[in-house]
Amino acid sequence: MPGVQILHAMTDSQTPSEPNAITKGIGVSPGIAIGPAYLYARVSFDVEAKAVDPAEIEHEKQRFEDAIRKAERDLHKIIAVTREKLGEDSATIFEAQLLMLRDQAMYPEVVAFIESKGINAGYAVQTVMSKHRQVMEASDSEYLRERSNDLLDIQDRIIRHLRRGRILSAVDEETIVIAENLTAADIILFSRRGILGCAMDFGGPTSHVSIMARALGVPALVSMHDATTRVSTGDLVIVDGIRGELIVNPDEKTLSAYRTKQKRYARLQQQDRQLVDLPSETLDGHAVALQANLELREELPLLQQNGAKGIGLFRTEMLLLMEGRALVTEEEQALEYSKVIEAVAPHTTTFRILDLGGDKLLPMGHREHNPFLGWRGIRIMLDKPELLIPQLRAILRASANGPTRILLPMVTRIGEVRQFKKVLAETMAALAEEGTPFDSDIPVGVMVEVPSVALQAGLFAEEVDFFSVGTNDLTQYVLAVDRGNDMVAEIYDELHPAVLQLIRLTCDAAHAVGIPVSLCGELATNLRAVPVLLGLGVDTLSASPVYLPAIKRVIRAMKRTEGQALADRALTSSDPEEFRVFMDRWLEEHACGVSFFLEGPAD
Amino acid sequence: MIEKEVTVTNRAGLHTRPASMIVRTASQFQSEFIIQKDDYEINGKSIIGVMTLAAEQGATLTLIFDGSDEQEALKAMETIFEDGFGEVK
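Top to bottom, those sequences are chains X and Z.
Per the numbering used here, residue 1 is the first one in the first sequence, and the count goes up by one each step.
Per the numbering used here, residue 1001 is the first one in the second sequence, and the count goes up by one each step.
Do not take every clue at face value.
Here are some, though not all, of the chain Z residues that point toward chain X, as calculated from beta-carbon distances under 10 Å [claimed, not checked]:
| # | residue |
| --- | --- |
| 1 | 1005 |
| 2 | 1006 |
| 3 | 1007 |
| 4 | 1028 |
| 5 | 1029 |
| 6 | 1031 |
| 7 | 1042 |
| 8 | 1051 |
| 9 | 1053 |
| 10 | 1054 |
| 11 | 1075 |
So the derived label-pair ranges between C-beta atoms look like this [unchecked claim]:
| # | chain 1 | residue 1 | chain 2 | residue 2 | range |
| --- | --- | --- | --- | --- | --- |
| 12 | X | 335 | Z | 1079 | 30 to 36 Å |
| 13 | X | 202 | Z | 1079 | 39 to 45 Å |
| 14 | X | 116 | Z | 1079 | 35 to 41 Å |
None of these hints come from the bench; they were simulated from the model.
Values in this document were obtained by computation on a predicted structure and should not be read as measured data.
Every residue, glycine too, gets a C-beta built ideally from N, C-alpha and C.
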């Protein structure tokens, strides 16, 4: 049976996993999962052609029909959950996929292929779909080339059902799924089947699948690079979604330590629920606002569950990317933003205007050699009034419903702020003319993610209402390092004194004129950094909601003056490893109950 | 049989969502529906077919309808093309 050979090839070709092998990636949904691995390979390996006996042709056609029905059932489930968790708009792609299953260019062609060639259904599906895909992949349009993935998704889904009927059971319950890449749809189906966790070779923290994993509470790792080649189905693995690590075939000591850790994490989560209603303030009474980073309206329930007081960063790109079209209308945006603002009020919602470019898809299919130093963020928006003005109008209109702020991404020069404010004033004048209500005092802030802004923070502070430090890009630009590049990723250090120095400059300049500083990068979720950031003068920490209780735990266990001393120490530290060890000890001594999750397995 | 040239006006071109709209609209009519682009021709009632056109903004397509309700079908199809599928042009 060809399927069996494929399965063997998949597992046998791998070198046996060494015990206790740790692979580093990015934890995108916290929690700890321990269980057998289930290697969920995309059906990128070819299905072999196999002659079907003439007497069996009808049976083969029936198998195909059964697989289509199962795929339809999957997609109905996926559409329902996507609608519930992420909204109607996100479901349109899956609705199109549903349409493809019985497409006139697919279903009858596959049946005809099985009949005329006397060949197995899987090979027929693969042949017919490849033909269509090749046409799309030859397109000059990057967007349409990418859409050929929809066809691949459908092909995979059908073939998987065909294979499953014979040799593969469905993804087993109580397993940890290891895959090159999963879609949000996969996570939904797996979560319903009761998987414990997952790890992917690709993906990032803000990808759709990561958001879905967090929403469903499935511990998840992304950017594991080669997890699928290191793990075989059945290997015992540990997903540490807190530290972003995958441990393969742990030894007895590691395993028992992780079992303890898992129990303690569950206990901590219980305690977190009590923390949610307590104020976020230091032992010496200094209040630190905790806000949420959000991508989708459907994540709003997580705010209250985790004690977020407002949204420090609402990324508006998701609205576009999920729609798969170049622009969502002003009307649709206004409606979406209003719903968010109303749900968050009386707290504030901060909308970051479209931050396209860099590593984020550009709908115009534009390509650059050096995208991180190229056309991105505010640079695009100022060049493209047809993107900026509808979004501004939508945010302004929505601002009539509750406290709202506007945040500008990737600002480098003060001229960009001035140019933006000119557009803002014109847009406000037009709305006033139409008699449309809006907040005419809407605060405007800039992301501090390019060193020039931090170095000229005094100048910017005179002209904006708040700062929001984006540590991911800031670190990348200060240290000239692409953290996605394995060759240099080690140099990427968000606690590097040069990065911290720029945060201090930003805070000092802001406080001199009385405007607040928020920090919305991943650094806020690094518990070692929290005391240092408070010491540097950061007023607000904004992070994915699930991380907020742990951050609050650290804040409530420290004095602000201690933070200041730690910041001084961090600014002069020349050995990152030494400082890390020092901070871990500090967290431990301060009984935050979190250091346990930073340090290695308990001894 | 009637045919008519139309232009793709929305910025993003015939991606998944407009392709669904075309197929759903065409399927409401009895008439056969062919779309031609350069030397390539596809069944307009097939979403995979429409997607493989890879038609971008500005592309010219020939719509060919054949059947009892071809006039109405063409009219409906012209309307959604002119409207840019409700997307930005």
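Exercise. Was the hint right that residue 1054 of chain Z lines chain X, CB cutoff 10 Å?
Worked result: Status holds, d = 4 Å.
Quiz item: Does residue 1051 of chain Z pass the interface check with chain X, least Cβ-Cβ distance below 10 Å?
Solution: Hint on residue 1051 of chain Z: holds, closest Cβ of chain X at ~6 Å, below 10 Å.
Hint status (Cβ of residue 1029 of chain Z to nearest Cβ of chain X, threshold 10 Å):
Since chain X brings no Cβ nearer than about 14 Å to residue 1029 of chain Z, farther than 10 Å, the hint is violated.
| Agreement of hint residue 1031 of chain Z with chain X interface, Cβ distance less than 10 Å | violated (14 Å)
Should the interface hint for residue 1042 of chain Z be scored as holding, given a Cβ-Cβ cut-off of 10 Å against chain X? holds (7 Å)
*asked:* Next item in the hint list is residue 1075 of chain Z. Is there a CB on chain X closer than 10 Å to its CB?
replied: violated (23 Å)
Legend entry - Restraint outcome when residue 1006 of chain Z is required to lie within 10 Å of chain X by C-beta distance: violated (18 Å)
Interface hint compliance - residue 1028 of chain Z to chain X, C-beta minimum distance less than 10 Å: violated (14 Å)
Exercise. Between residue 116 of chain X and residue 1079 of chain Z, does the beta-carbon spacing fit 35 to 41 Å?
Worked result: holds (40 Å)
*Is 30 to 36 Å right for how far apart the beta carbons of residue 335 of chain X and residue 1079 of chain Z are?*
violated (24 Å)
Would you check whether residue 1007 of chain Z satisfies its interface hint, that is, whether its CB is within less than 10 Å of any CB in chain X?
This hint is violated: residue 1007 of chain Z lies away from chain X, its Cβ roughly 16 Å from the closest one there, beyond 10 Å.
39 to 45 Å as the expected CB spacing between residue 1079 of chain Z and residue 202 of chain X, which holds or is violated:
At roughly 41 Å between Cβ atoms, residue 1079 of chain Z and residue 202 of chain X fall inside 39 to 45 Å, so the hint holds.
Violated hints for the displayed structure, listed by number in ascending order: 1, 2, 3, 4, 5, 6, 11, 12.
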